[in-house]
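Let the hints inform the model, and build the full structure from the sequences given.
So the sequence lines, in the order shown, correspond to chains A and B.
The first sequence begins at 662 in the working numbering and counts up by one.
The second sequence begins at 89 in the working numbering and counts up by one.
All the given hints hold, so there is nothing to weed out.
To give a feel for the contact side, a few chain B residues facing chain A, derived at Cβ under 7 Å:
{"#": "1", "residue": "A107"}
{"#": "2", "residue": "R126"}
{"#": "3", "residue": "E129"}
{"#": "4", "residue": "L130"}
{"#": "5", "residue": "L137"}
{"#": "6", "residue": "S144"}
{"#": "7", "residue": "A152"}
{"#": "8", "residue": "E155"}
Please keep in mind that the hints were generated in silico from the structure rather than gathered at the bench.
Don't be surprised by glycine CBs; every beta carbon is placed ideally from N, CA and C.
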Amino acid sequence: MRRRKVLTGLLLFAGSLAGTIFYRRRSAARRDRVDVYFEDGSMLSLAEGSPEASTVLPLAHRILETARR
Amino acid sequence: MDAAQALADLTEISSQIQAAVILDGDGSIVASTLDDSRARELAEATQELLAKVRTSAGSDRELAQLEVSTAAGSVFLVRDGSRTIAATTGPEPTVGLVFYDLKSCLRSAAGAEKPAPKPRARRQKEKAETDAPA
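Following this line, the structure appears as C-alpha cells:
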C-alpha cells in the first residue's frame, strides 16, 4: 500500500515537472515579431532581434502600456 | 454612423480589442476609445511606428495593415484610404478576426462621412402635370 502511494506521488511529480518544462519551452518559443502586409499583397515578417524589429518593438510596447494605463 | 459610433460598435462586437483610435491622414485623432491624453500618446506612437515601418520596408510599397505581436499583447494597424485605425489586444489574439473587425470599423466610419446624394430635380413632365389645372 505504502509502495503504491510512493509510486503515485512520483508519477504526479514527474507529470507536473514535464508539464512545467513543456510550458516554459512553449513560452520561450513565442517571440515578439512584426508582420507587415502591403497593398500589393506582399508581406514582411520582422523577427525579434532583427535591426528593423528592434526599432518597432519598443514603440509597440509603448502603445500597449498607454492603452492599459 | 460616425467614427465614434463605429468604434463603440467595434469594442462591443470584438471582446479581444482593448483600445482603439482612428487617425486621419495628417495624424489627427478622429475618434478614440481612450481619454484625450492617452489617445494623443497612442496617436503619436502610432505615427512613429508607421514611420519606422515605412523606413524598414522601403518606400516603394504602400502599407495596408500590420500586427506587432508581443508576449504582453498585440498592436494592430489597418489603413483604408487616408485613415488609419490602431488597436491593442491581449496576447495571442485571433489575428484574422481582429483585422476583419478593424477594416469593417474603418469602412463604417468612412461611409458615414460620405455626403448624402443630392435630391434629384423633378422632371419637367411631372412638374407640368402638377401645375396643370384639374
